[in-house]
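Protein chains: 2
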Amino acid sequence: MNSVDQMKLFMEPRSVAIIGASRATGPGSLNILQHLVNARFAGRLYPVNPNARKILRMKCYPSVLDVPDNIDLAVISTPRSLVPQLVEECTRRAIRAITVVAQGLADGDEEGKELQSEIVRIAREGGSRILGPNTFGTVNAFNNLTTAFLELEMKKVPIGIIAQTGLFFVGLPMCSLLGKGIDLGNACDIEFADGLEYFEHDPDIRVILLHVEGIREGRRFMEVARRVAKRKPILALKTGKGDEGARATQSHTGSLAGKDEVYDAAFKQCGVIRVNDVDEYEDVAKAFLRLPLMKGRGIGVITLTGAGGIITLDACEKYNLCLAKLSPDTLSKLGALAPPWQSLGNPADIWAPMMIAGHPFDEVFSTTLAAFLADPNVHGLIIIFYAFSPEVPISLMGGVLKVIDRFEKPVVCWLYGPKVEQLASMMDKTGNIVVYPTLDRAVRALSRLNDYFQIIEGDR
Amino acid sequence: MNSVDQMKLFMEPRSVAIIGASRATGPGSLNILQHLVNARFAGRLYPVNPNARKILRMKCYPSVLDVPDNIDLAVISTPRSLVPQLVEECTRRAIRAITVVAQGLADGDEEGKELQSEIVRIAREGGSRILGPNTFGTVNAFNNLTTAFLELEMKKVPIGIIAQTGLFFVGLPMCSLLGKGIDLGNACDIEFADGLEYFEHDPDIRVILLHVEGIREGRRFMEVARRVAKRKPILALKTGKGDEGARATQSHTGSLAGKDEVYDAAFKQCGVIRVNDVDEYEDVAKAFLRLPLMKGRGIGVITLTGAGGIITLDACEKYNLCLAKLSPDTLSKLGALAPPWQSLGNPADIWAPMMIAGHPFDEVFSTTLAAFLADPNVHGLIIIFYAFSPEVPISLMGGVLKVIDRFEKPVVCWLYGPKVEQLASMMDKTGNIVVYPTLDRAVRALSRLNDYFQIIEGDR
Chain A
274 MNSVDQMKLF MEPRSVAIIG ASRATGPGSL NILQHLVNAR FAGRLYPVNP NARKILRMKC
334 YPSVLDVPDN IDLAVISTPR SLVPQLVEEC TRRAIRAITV VAQGLADGDE EGKELQSEIV
394 RIAREGGSRI LGPNTFGTVN AFNNLTTAFL ELEMKKVPIG IIAQTGLFFV GLPMCSLLGK
454 GIDLGNACDI EFADGLEYFE HDPDIRVILL HVEGIREGRR FMEVARRVAK RKPILALKTG
514 KGDEGARATQ SHTGSLAGKD EVYDAAFKQC GVIRVNDVDE YEDVAKAFLR LPLMKGRGIG
574 VITLTGAGGI ITLDACEKYN LCLAKLSPDT LSKLGALAPP WQSLGNPADI WAPMMIAGHP
634 FDEVFSTTLA AFLADPNVHG LIIIFYAFSP EVPISLMGGV LKVIDRFEKP VVCWLYGPKV
694 EQLASMMDKT GNIVVYPTLD RAVRALSRLN DYFQIIEGDR
Chain B
274 MNSVDQMKLF MEPRSVAIIG ASRATGPGSL NILQHLVNAR FAGRLYPVNP NARKILRMKC
334 YPSVLDVPDN IDLAVISTPR SLVPQLVEEC TRRAIRAITV VAQGLADGDE EGKELQSEIV
394 RIAREGGSRI LGPNTFGTVN AFNNLTTAFL ELEMKKVPIG IIAQTGLFFV GLPMCSLLGK
454 GIDLGNACDI EFADGLEYFE HDPDIRVILL HVEGIREGRR FMEVARRVAK RKPILALKTG
514 KGDEGARATQ SHTGSLAGKD EVYDAAFKQC GVIRVNDVDE YEDVAKAFLR LPLMKGRGIG
574 VITLTGAGGI ITLDACEKYN LCLAKLSPDT LSKLGALAPP WQSLGNPADI WAPMMIAGHP
634 FDEVFSTTLA AFLADPNVHG LIIIFYAFSP EVPISLMGGV LKVIDRFEKP VVCWLYGPKV
694 EQLASMMDKT GNIVVYPTLD RAVRALSRLN DYFQIIEGDR
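Residue numbers (this note's numbering), protein chains in the order written: chain A, 274 to 733; chain B, 274 to 733.
In short, the hints are calculated from the structure, not lab data.
Treat each hint with caution, since some may be false.
It does not matter which identical chain is used: a pair holds within one copy or between any two.
Stated by the list, open to error - Simulated crosslink set (DSS-like; lysine-lysine; CA at most 27 Å straight-line):
#1 LYS692 - LYS559
#2 LYS428 - LYS386
#3 LYS598 - LYS568
#4 LYS675 - LYS591
#5 LYS429 - LYS692
#6 LYS598 - LYS386
#7 LYS598 - LYS532
#8 LYS606 - LYS386
#9 LYS591 - LYS541
#10 LYS332 - LYS692
#11 LYS591 - LYS559
#12 LYS702 - LYS541
#13 LYS327 - LYS591
#14 LYS429 - LYS606
#15 LYS327 - LYS675
#16 LYS606 - LYS568
Please read all numbers here as calculations on a predicted model, not as lab measurements.
Next up, chain A with everything else stripped away, as it sits in the complex (with noise of 0.2 Å):
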């Protein structure tokens, strides 16, 4: 079977057999089948535990091969020492696809690390792959599956998570990314690359999130990821940098961290793009789901606060973008509107034409950024603007934004000031738009959005 069809056993089975279902159900009661139910996914479910004939008014089987039906997912749910009998028995009834969601495996002792060797052997020799161990398994918001014994928030985002751990599957503090997941945990089995191969033409998916702890199979993993970087981009976080990072990687999923030196360079060499906090993926999926491609690192800003334009240009020094040298059609456009003693430029500093030479907001504001957008030298803008009080229409900014959508160029915002959350909840709506919480985070998103476009261009 090939990799994509073997993902679609794990990502879109018909029918899901949960072995060691739990007999508690209710909240909080971590039971994989109660999740699925509330989830309404529209498969088949077969509960499998010997010590219930029901669970959820669910006829439950002694054994997956008490089971009448096909089964395309298993889901061994049970403590460690019972899952080689087991994957033995799923092999016997064909199912191909097996998700093994106990710890203490390689992430354990040594005997957890012979039985996960068990594990392998057993499923290879019977033709099926394993999901895990250590694992929540795979969610797909698209067909409410979900395999995770927290119960889950999904979204249809078309956002595709390949990780080592729940963590971003349960959510990260400032957003929802879950679309579709795949929580490798120990990756005794299935890959990173398997992932990656599943989301290579998933229509549902535009950017690929990893979290990785190690990848074993590297020059697979380099293969697959440099072709499907080429058709959506691949931001990857890789963890267990230090000594310490190492050892604990050990022990969480028995991987091996290897050299970051090692990851860095694969990653840049396949055109993934590496990310180093959570807030990173958050800031940087939000900016490829919503912005153009930045197609040069010319960058425009255009400011009510000196001070924030200024912390703009260092965070431009840290992440490689520069200043764009704007052209004598901006420049003059941009002059029309200064007190004599103002040299208006970029960074526009755009104050002074107001509160000084005393133009009005919105012919300031409009003829700026039109200016800036049309100037060839700008492939990306920055806007820094105040969040007036309400006695000032914030609905104003909103018409000003319409131009953004007549040129194919990114544009971002940092708000300050006593209404931020209103008019970024306002400009979000725009969908145009991007504001993000720092100016260093907003030129950072920029920055990825033409290294991306150097990496689809192939200019590296």
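Following the hints, complete the assembly by docking chain B onto the known chain A.
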């Protein structure tokens, strides 16, 4: 007059003249007098404007020379060309503190630079000091003073800001920091050292933030900062790092940005803690206000997610903290909780003790927390916690956290999951723990608490 008495005229004036007071009143009028009235400033106010007889029902004087009473502070808010004469009039009235709001001085063209020199010369000859130009002036939530032309929300937080911008007075996106603020603007006369000496013994202020574009009086700054830093933590955001930033600094406040490495070394030498963006201001200031110092570099990690523990270790390496080596006593307490295959240590992944070994949450969590806090090798603690679904009582956490009060060690937290906001706000109320939005930021804040410990201990 010494620097503190001089600054008191700017920060705690009993009487203020607003020279060039605007006749436009009401919301959005950018009227300084209006804002002082709205803020309920208790001192005497004298509007000065030759074209008005009354503003906001107050008698308006044609010139400051006509005001019958003593004036502590004059705020000159007129076009730049009028400023030299008005400063001269102030000196004749023996007004010792003069705030010049106008833009377009050293931040503008050659004519502006000359005007600024003239203003300084006139003030010095007349025995007065200038704050600004190009400034919001001073803000003091403790006596309801604001000379800003934008309306501000002031709170009596024990944070003093000395900045070359009004940006931080208008409000950072995520929190209001304005206890007392001094906007140096172009800093033609009143400098950072003056502000630092004012805050040095100010009982209202516990943390000092600097926003620096350029410091002229380097030697005096170093001498004062070194002294003040031993009493109160000083955080500095130095902007204008690269060439573009330096150019923009020149046109923002006429400051010379200087070599970034020189500032870096100078800050280190005098015990000023450098921050890199506005979110770090907020993070670190909160840590200093709410948490004890970290008296060593050993960190303890208690987590419900192994992946989160590893991300924390990466951050520890980045911020030069090290994983505490637990004492045998702590290890034996933890060992009693773990399933046989787990060697529970630091980070302590307490998921398996609950889910596999079956110990109840509060036993596991409070035992681990108390053991870590009591361990002499643990100098600070990070808790990584799953914000449960509502059916699991969040209040449970509150009881457990009480143990923190018995130890003089900083505890920070990162939350993930569906109920992050509810749990964060509950934990925020306990007052003895700070929740950060990312692991990187949580670890960074802890690290700064140790940096400052080293500064006051003089190990550096």
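Hints and how they fare:
no., hint, verdict
1, LYS692 - LYS559, "both (22 Å within a copy, 22 Å between copies)"
2, LYS428 - LYS386, "neither (36 Å within a copy, 58 Å between copies)"
3, LYS598 - LYS568, "within (15 Å within a copy, 49 Å between copies)"
4, LYS675 - LYS591, "neither (30 Å within a copy, 42 Å between copies)"
5, LYS429 - LYS692, "between (30 Å within a copy, 20 Å between copies)"
6, LYS598 - LYS386, "between (59 Å within a copy, 26 Å between copies)"
7, LYS598 - LYS532, "between (40 Å within a copy, 23 Å between copies)"
8, LYS606 - LYS386, "between (69 Å within a copy, 26 Å between copies)"
9, LYS591 - LYS541, "both (18 Å within a copy, 21 Å between copies)"
10, LYS332 - LYS692, "neither (56 Å within a copy, 34 Å between copies)"
11, LYS591 - LYS559, "both (21 Å within a copy, 26 Å between copies)"
12, LYS702 - LYS541, "neither (34 Å within a copy, 44 Å between copies)"
13, LYS327 - LYS591, "neither (60 Å within a copy, 53 Å between copies)"
14, LYS429 - LYS606, "neither (44 Å within a copy, 44 Å between copies)"
15, LYS327 - LYS675, "neither (58 Å within a copy, 44 Å between copies)"
16, LYS606 - LYS568, "within (24 Å within a copy, 57 Å between copies)"
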